[in-house]
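On the provided structure of chain Z, position chains X and W as indicated by the hints.
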Amino acid sequence: MSSSFTDRLLGRVRLGGLLGLAAPLLAIVFAGLVTSVILELTGNPPLETMELLADYGTQPRTIVMIINLATTYYISALAVAIGFRMNLFNIGVDGQYRLAALIAAAVGGALVLPAPLHVGVTILVAVAVGGVWASIAGLLKVTRGVSEVISTIMLNAIATGVGAWLLTTDRLAVAVSGSNNIGTKPIPPSGQFPGFDLIPGTKTQVFGFVLVAVVLGIGYHVLFNRTRFGFDLRATGRSESAAVASGVNVKKMVLLTMIISGAVAGLVGMPQLLGASYSYSLDFPTGLGFTGIAIALLGRNNPAGIAIGALLWSFLDNSSDILDLEGIPKEIVIIMQGTIVLSVIVAYELVHRYRLAAEQRRVSRQLSADASAPVEGAVA
Amino acid sequence: MEEAAISTSTSSATATEPAVELEGITKRFPGVVANRDIRLSVRRGHVHAIVGENGAGKSTLMKILYGMQRPDEGEIRVNGSPVGFRTPGDAIAAGIGMVHQHFMLADNLTVLENIILGSEPRRRGVGIDFAKARRRIKEISDAYGLGVTPDTLVEDLGVGARQRVEILKVLYRGARILILDEPTAVLVPQEVDELFDNLRGLVREGLTIIFISHKLDEVLSVADAITVIRRGTTVASVAPKDVTARQLAELMVGSELPSPETRESTVTADVALAVRNLTVRHPDGRAAVEDVSFDIHKGEVLGIAGVEGNGQAELVEAIMGMRPAEGVITLGGADVSAWPTLRRREGGIGYIPEDRHRHGLLLEAPLWENRILGHQTRKPNVKGPWIDRAGARADTQRIVDEYDVRTPGIDVDAAALSGGNQQKLIVGREMSGDPVVLIASHPTRGVDVGAQAAIWDHLRTARAAGLAVLLISADLDELIGLSDSLKVILRGRMVADVDPGDVTPERLGSAMTGARDHTPTEQLGSAATDAGEEA
Amino acid sequence: MTVSEISAAPPAPPRVRRFRLSWQVLLLGLLALFVMMSIARVVTGANDITSGGTIGAAVGLAVPIGLAALGGLWSERAGVVNIGLEGMMIIGTWCGAWGALTFGTPWAGVIAGTIGGALGGLLHALVTVTFGVDHIISGVAINILGLGVTQYLAKLVFTGMKGGGETQSPRIPPVTDVSVPGIGVPLRDLENTHLFLLSDVAGVLRGVTQNVSLFTIVAILLVPLSFYVLWRTAFGLRLRSCGERPVAAESLGVNVYYYKYLAVVISGGLAGIGGAFLAIVAAGIYREGQTGGRGFIGLAAMIFGNWRPGGLAGGALLFGYTDALQLRQGGTSVHALLLVVAMLLAAFAVYQLVQQRRNRAALISGVFAVLVFAVFALTDTVAEQFTSFTPHLTTLLVLSLASQRLRMPAADGAPYRKGQAK
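Protein chains in written order, with the numbering used here: chain Z, 34 to 413; chain X, 161 to 695; chain W, -17 to 404.
Next comes chain Z alone, as it looks inside the complex (with noise of 0.2 angstroms):
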């Protein structure tokens, strides 16, 4: 028995050394060369594209977008990657943050509290939504054995209708004035986060969120490496068998992962709602999870490894908004963005297995002298 792709790919495996960073470094590059065939093949030059997106990309202005945007990837991928860490698929992200956002902005558009404790009591009732909305996959999971990603496949369809009943002017939005837009009543001053300057030459300001985001990673990697929950979460996902055998209670692991998930997912869309737009509304951004999975495969779930992939995903949907103006269609970086997952994981899988098979030689080379005695087959 040997471990599955995933618990090698999810970082439950350790990936040492050069390779483990060289790996992924090769993987963009590669996505690149595609990227640049396709261009090339439909007419627009691929050099000047790639200069064209470096050059917007590094202008302040687009920095600061970066960052705050990647702010949002950042907490999508955290929350996908705590279900990844024991094997479970939260394909659901996507609708735990849509109905989070709708409900705290709701709440926090009717609430009138002291600055701190307005923000905090938004924030808690998005994370509680989250989770709750998570926690019915994971009950269904546990206790009827349907398979979370069918699941939450199904719950962001159903979150998308309930926040559209939700979002009508007879219950929680109210109409955006100058536009023909509904969305929830404003979030006043006292319950919005504020932001600051951090990049010279630009007066947009950074999301203050960033900062909690920062917070989570640093929590999630406690969580993980450090404490008990944690190792039991990763033997879990390791082989579910073995922590059986150890004494973790599986099916409680899995509603709690999911439940943590979700609650995590409800924050998805904090940056955008307390540090921007202060309502939500029709136009509030969707599709957050599913960057928010693929961010987690390019980070192998590891909190600095997302930090990466959420910048470099951000900047390539920032930097790409220039494309269109210079006639070259903007898709080219989903194309881009698409390729560098899919070559990624792979080279992931390769480095694996390489390392895999010198691991074995090691121990087999350093042992040879103690143990004359042939095996059978390959160990283990």
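Some hints could be false.
Under the rule of at most 30 angstroms between Cα atoms (straight-line distance), these lysine-lysine pairs were calculated in the DSBU-like manner [to be verified]:
id: 1; chain 1: Z; residue 1: K363; chain 2: Z; residue 2: K284
id: 2; chain 1: Z; residue 1: K284; chain 2: X; residue 2: K543
id: 3; chain 1: Z; residue 1: K284; chain 2: X; residue 2: K539
id: 4; chain 1: X; residue 1: K647; chain 2: X; residue 2: K458
id: 5; chain 1: Z; residue 1: K236; chain 2: Z; residue 2: K218
id: 6; chain 1: Z; residue 1: K285; chain 2: X; residue 2: K458
id: 7; chain 1: X; residue 1: K539; chain 2: X; residue 2: K458
id: 8; chain 1: X; residue 1: K647; chain 2: Z; residue 2: K285
id: 9; chain 1: Z; residue 1: K363; chain 2: W; residue 2: K144
Reference listing, derived: stretches of chain X covered by chain Z, where coverage requires no fewer than 3 residues with Cβ under 8 angstroms from a Cβ of chain Z [unchecked claim]:
id: 10; region: 508 to 519
id: 11; region: 572 to 579
Keep in mind that the hints were calculated from the coordinates and are not lab data.
Since this is a predicted model, take the numbers as computed values, not measurements.
All residues carry an ideal CB built from backbone N, CA and C; glycine is no exception.
Then chains X and W, alone, in the frame of chain Z:
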């Protein structure tokens, strides 16, 4: 592949020529030599047994013969002509069929589908000719008395019937040479009898059978010729009438036949673990373990003997709290029946699981994380809710040193260690939790001789220090040698108490099958160790 | 205790009585369902729940879902989970439109859609089979990639065309519709009398015989064709064996990689046809986002259908039907459907009580029946936002009720490397 499978017997002229010859076969894996200079000659119409310890290289050899692996050196000759198999398909084409130890059957397909897979009779080149397939299966089944019904789903079949399907599968492909890999590991005695009858029938029809086993009495009863493999190479070829089981055993392990005998009794009057009226049920309501009661005292090893699959695994999992059960389990006076697994472990139950890969280790985690597994609430692994990395690492190093785990370091993944060293790590870990009771399920299964002796030593030392051990093993020598008292489990019930001081493996073997007070059947006997891993 | 009492077959597999759906039972069940719907229609006056228009729309909406489900079937029967169906379907929508526009005939679009989807499948096969990447992860990545490629190409190709734009294509030449002649008008007249049962039968007949696209007929034929190939040919047996026990197949000389590759490519092709259908028949143009998650729904339909062609066709029809209801007086129709659900649950409770003697389960079903009926009685209509997720909620309910009875291919989703056999 549509030639008739059973085209009557062979001509006498070719009967003397060997059906299979192996010369100088060598196969290396990274860092190990699995087979070294294997020489073997199998006569047509013989049942030729290949015996050897776990890990001696039997399975590798068979994989080579069946085209699943390629030898690095050496020559294979079938019916006198050299062959070079690249795939099992080549071996099948040369008339060689393999009955795998772990059946190669798809549960959710019918018997017929499983049999014809890969050699389907067709109608007009596209559709499967089910009628023809059914007819042929019936023919072969009747010719050898296999009693196979084509249209049942394989998942509805018992173990013996599945094995007959496997045999029919290779006959259907026209195989004249059958390889059977540990065919009796999963069978109960009646089924072993039936299998041997079938094998004799096949040999009468001129087929050749290569029979891999380490159950010596079985080998002696059914084989026409025996080849012994030790440490990857052939060490002897003997005729069954010329050797005894003891002699064969010594050929298998070399001179150093390890002896697990304990010395003086250390049994005390304190009951460490008491089990009363324990019943464990399958999901469908049948009892896997029924109304079992026993006590284990401090300093006592209680052995459970039984043919595999008679409820041992369920009993162990019930005691560990991994499976719901009725009845009362008390640990040092406290009723633990309602406790979850973790609390039972904290209460002092150590656990050496039967399948270390499934239940004992995180294969792709480093050794020091494996040290924490099962002890994730106890020192030195944790401080409150926090993992104590330094403490766990230091203690892992101690286990590696004390238990002679051969590893380059504690940051190596468990998967990279050999089976014996993995097992030593598990034993060391479970002993480190200051257990009151140790559940040892097949503690030396699939480990090399050196590690086996070491593990026995550790068990003996711990017993002398007052540990109560529940020992479950298929190795009767191990059971008799280590246990202070023995119980026999049969179909989920404890059917006999045996004094290990004056019992022989033969008599224990007959008790395990339910037969009493008459000569043991030839199919069960002394070295009834068992290589079967839990499927 | 005597030996003879018990047969000694230690790991004798539990002989669970499998529920086998015979044709008689199935027919009877469908008939009963139909009667219930007729009752509900008469009681509520929601005439659209069995109208010819609804049924026709349901069939049309079921086709793309069914094609995606067939794609899932092919792939998963060979042991590869294909969550990338959505992405392959998206590629199919663009290719369908492009092919039809470029060559001036919709059938060229069908072929182009098939090829586009198959290329997506080929990529999925490469990543999962050759490189051994987790199937779900690969599928997620392919969904991203499929979306990107399609939107990029749409902008590139359709923007310049007359009537096209960045997110939609010009009008696509349509596929011929066919009708059984001579019965359309009489059936509609009968339908409009709103008689109990008779009008319902007329509605259904009209729905399936009038103005049916040839493409729909071709798509429907793919269901029995898939069954024949997968269950009645040597090719199909080998393919399925790769999904059940690849090591067994390998040990008999079957080239597992080959069959997995083919299965996933065919799977992508089927999803691509589904996408082409959406563009060519359902909408008549390519439009961004027009798959609307139907690839995922197809996957759900396949699970609902227990990995069988007949079952998944039923699942696709159910989803197509609930989809169609939204378009036909959604609120009223779905409201009427609540009554049908209440009746179904009540019948189920009686079955559990009488046939299975599971009192507690029967009680729970009964309580739910009463609850649904109460909702039905207390409301007049179902909000349109709720009707939009009726298929998804249905899937969730069916899975939570029946997931233990479903039987997926044993090695579905499991990584396979050659030479693993012990």
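Right, here's what the structure says about each hint:
1. For the given pair, Z:K363 sits about 45 angstroms from Z:K284 by alpha-carbon distance, which is inconsistent with the 30 angstroms threshold.
2. The hinted pair formed by Z:K284 and X:K543 meets the criterion: a straight-line CA distance of about 25 angstroms does not exceed 30 angstroms.
3. Annotation: proposed proximity of Z:K284 to X:K539 holds, straight-line Cα distance about 26 angstroms (limit 30 angstroms).
4. With a CA separation close to 17 angstroms, the supplied pair X:K647 and X:K458 stays within the 30 angstroms bound.
5. Taking the CA atoms of Z:K236 and Z:K218, the gap is near 27 angstroms; set against the 30 angstroms cutoff, the hint holds.
6. Taking the CA atoms of Z:K285 and X:K458, the gap is near 35 angstroms; set against the 30 angstroms cutoff, the hint is violated.
7. With a C-alpha separation of about 24 angstroms, the suggested pair X:K539 and X:K458 falls inside the 30 angstroms cut-off, and the hint holds.
8. Distance check on the hinted pair: X:K647 and Z:K285 sit about 37 angstroms apart at the alpha-carbon level, beyond 30 angstroms; violated.
9. Using a Cα cut-off of 30 angstroms, the hinted pair Z:K363 and W:K144 holds, with the two alpha carbons roughly 22 angstroms apart.
10. Using a Cβ-Cβ cut-off of 8 angstroms, 5 residues of the region 508 to 519 of chain X lie near chain Z, which meets the minimum of three, so the contact claim holds.
11. Look at the region 572 to 579 of chain X against chain Z: 8 of its residues bring a Cβ nearer than 8 angstroms to a Cβ of that chain, three or more, so the hint holds.
Violated hints, in rising order: 1, 6 and 8; the structure is consistent with all others.
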